[in-house]
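Turn these sequences into a full structure, and let the hints guide you.
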Amino acid sequence: MAEAASLTVSVWRGAEQGSFARFEVPARANQTVLDVVTYIQRELDPSLAYRFACRVGMCGSCAMTVNGRARWTCRTHVRKVVDADGALELRPLANLPVIRDLAADLAPFFDKWSRARGTFQPKDAPDGAVPEDFAVVPPASKQRREADAGIECIGCAVCYASCDVVAWNDEYLGPAALNRAWTLVNDVRDGGRAERLDAVAGDAGCHSCHSTQSCTERCPKNLDPSSAIAGLKRALFWDTLLGRR
Amino acid sequence: MDMRPRSHPTYLAFVVHRVSGLLLALFLPLHFWALGTAISGEARLDGFLRWAENPLAKAAETILVILLAAHLAGGLRVLALEFLGWRSRQKDMVAASAGIALLVGLVFLLNVV
Numbered sequence: 001m002a003e004a005a006s007l008t009v010s011v012w013r014g015a016e017q018g019s020f021a022r023f024e025v026p027a028r029a030n031q032t033v034l035d036v037v038t039y040i041q042r043e044l045d046p047s048l049a050y051r052f053a054c055r056v057g058m059c060g061s062c063a064m065t066v067n068g069r070a071r072w073t074c075r076t077h078v079r080k081v082v083d084a085d086g087a088l089e090l091r092p093l094a095n096l097p098v099i100r101d102l103a104a105d106l107a108p109f110f111d112k113w114s115r116a117r118g119t120f121q122p123k124d125a126p127d128g129a130v131p132e133d134f135a136v137v138p139p140a141s142k143q144r145r146e147a148d149a150g151i152e153c154i155g156c157a158v159c160y161a162s163c164d165v166v167a168w169n170d171e172y173l174g175p176a177a178l179n180r181a182w183t184l185v186n187d188v189r190d191g192g193r194a195e196r197l198d199a200v201a202g203d204a205g206c207h208s209c210h211s212t213q214s215c216t217e218r219c220p221k222n223l224d225p226s227s228a229i230a231g232l233k234r235a236l237f238w239d240t241l242l243g244r245r
Numbered sequence: 001m002d003m004r005p006r007s008h009p010t011y012l013a014f015v016v017h018r019v020s021g022l023l024l025a026l027f028l029p030l031h032f033w034a035l036g037t038a039i040s041g042e043a044r045l046d047g048f049l050r051w052a053e054n055p056l057a058k059a060a061e062t063i064l065v066i067l068l069a070a071h072l073a074g075g076l077r078v079l080a081l082e083f084l085g086w087r088s089r090q091k092d093m094v095a096a097s098a099g100i101a102l103l104v105g106l107v108f109l110l111n112v113v
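For the record, the sequence lines run as chains Y and H. Take the first sequence: its letters are residues 1 to 245, numbered as in this note's numbering. Take the second sequence: its letters are residues 1 to 113, numbered as in this note's numbering.
Bear in mind the hints are in silico, worked out from the structure with no lab data behind them. Heads up, the beta-carbon is just placed ideally off N, CA and C, and yes, glycines get one too. Fair warning: there could be bad hints in the mix.
[Said to hold, decoys possible] Just so you have them, the derived chain H footprint on chain Y, three or more residues with Cβ under 8 Å: (1) 66 to 79; (2) 209 to 216; (3) 225 to 237.
[Stated by the list, open to error] Computed, partial: chain H to chain Y, Cβ under 7 Å: (4) 4; (5) 5; (6) 8; (7) 14.
[Claimed, not checked] Some chain H residues flagged as far from chain Y (calculated, every beta-carbon gap over 12 Å): (8) 25; (9) 33; (10) 59; (11) 62; (12) 64; (13) 68; (14) 95; (15) 103; (16) 109.
Here's what the structure looks like:
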């Protein structure tokens, strides 16, 4: 298929209120969406605000809404997402306040990680002391495999922006925070299980999830937050039924 | 509503599950009313059952059966995800649920209608 010589890029300008600005950007081979945004900012309009750091899919800072879907832009090739007529539409991530242009404010997203007790609480050294020996956690154990399945989250908020429950309920903790909680519930070195399950059990917690699985569908790291949330529901169900909480 | 972020099979399965649940809930009062006619006399129930023989009622009945099967199969899929932790092949499970629902509808059409 012959590729268009240039891309027509509509870029959100403003904050919550704003409008699209259109730019013509030369089409190049192996061009990523982040390359396009960087071209606009360096060559066409230096006032464009956006965020990136590593450019290699590690830091999770460059996520935006590309043609209607939340994506990490540094690892998204233009040819995979562009319309047949060479059009790209770029907006900031949904479900988050907009700082300016393509930069969303991730503070509410990370606040919810704290509310879901996303911090490791060492069982052997609750006062912050260093344990005497390394914990041995067999890689093949069930809990280790559950934790490993969700541990590679880069905090890009693509799942959070793709989740309808977040859009419906401001307080909902969201897929990433609940996925983090599930990795810690399965961490045998962690001592905060009871408080963490309490933190994710409320109306804003795991039971609000409707299993639409948009988080799993869109996660650029191919993680499965939907199953992590299901795991939390399961743990809470059995703990409650058996009087363990 | 922008459907671009929502266009994937498990989202569709969610919508089908919700909508079928709502429609079934709306149907329930009618179902109980029909059963209630049996109490108030055989003739009334027979009259209703004769009316229900018309093609439009049969078509609605088939749709109802498909909705019921879709709601059941979709519910079993969600239960498997949540209680058994079946992570993998979610899209295949959605397809299987849809297949079961349509199959039940077909069996209903072939045997009952």
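Against the structure, the hints:
1. 66 to 79: Satisfied; 4 residues make the cut.
2. 209 to 216: holds (count 6)
3. 225 to 237: holds (count 7)
4. 4: holds, 3 Å
5. 5: Holds - the Cβ of residue 5 of chain H comes within 7 Å of chain Y, reaching about 5 Å at its closest.
6. 8: Status holds, d = 5 Å.
7. 14: Status holds, d = 4 Å.
8. 25: holds, 17 Å
9. 33: Correct as stated: the minimum Cβ-Cβ distance to chain Y is 31 Å, above 12 Å.
10. 59: holds, 30 Å
11. 62: Non-interface label stands for residue 62 of chain H: nearest chain Y Cβ at 28 Å, farther than 12 Å.
12. 64: holds, 24 Å
13. 68: holds, 20 Å
14. 95: holds, 14 Å
15. 103: holds, 23 Å
16. 109: holds, 31 Å
Going down the numbered hints, you'll see the structure goes against none, and every one checks out.
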